[in-house]
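Start from the sequences and build out the full structure, keeping to the hints where you can.
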Amino acid sequence: MVEHRGRSPCRAAQLDAQGHIRLGSEERVCGAGDVVVIPGGTEHEGWFREDTEVIDFFAPPRDDFLLGDKPAYMSEG
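Following this note's numbering, the numbering of the sequence shown begins with 52 at its first residue and continues without gaps.
One should not assume that every hint holds.
[What the hints assert, rightly or not] Quick list of the computed label-pair ranges, beta carbon to beta carbon:
| no. | residue 1 | residue 2 | range |
| --- | --- | --- | --- |
| 1 | ALA123 | GLY91 | 26 to 36 Å |
| 2 | ASP114 | ARG62 | 12 to 22 Å |
| 3 | ARG113 | GLY75 | 15 to 25 Å |
| 4 | GLU78 | GLY119 | 27 to 37 Å |
| 5 | LEU118 | GLN69 | 25 to 35 Å |
| 6 | PRO60 | LEU118 | 31 to 41 Å |
No lab work stands behind these hints, which were simulated from the structure alone. Note that CB positions come from ideal geometry on N, CA and C, so glycine has one too.
Encoded structure:
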């Protein structure tokens with residue numbers, strides 16, 4: 052996931068493997084079972100060296116996701 056800022060606060064639950072996330076200037080390593088809280092408007096990015104499952108929870112809900120769109124910053128590969 053490339054660097055971006057979301058309007059809605061997000062909680063991201065890492066289900067498996069290992070990932071790296073940057074919140075502002077702080078970098079963290081996350082593993083299975085970890086949850087990251089990303090305040091709305093915070094610049095962040097994540098990267099994963101292997102296939103990884105992450106569930107994002109947004110409150111309030113994101114309109115673009117409700118309409119079935121995939122944000123430009125989300126990419127595979």
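So which of the earlier hints does this model not fit?
1 and 6
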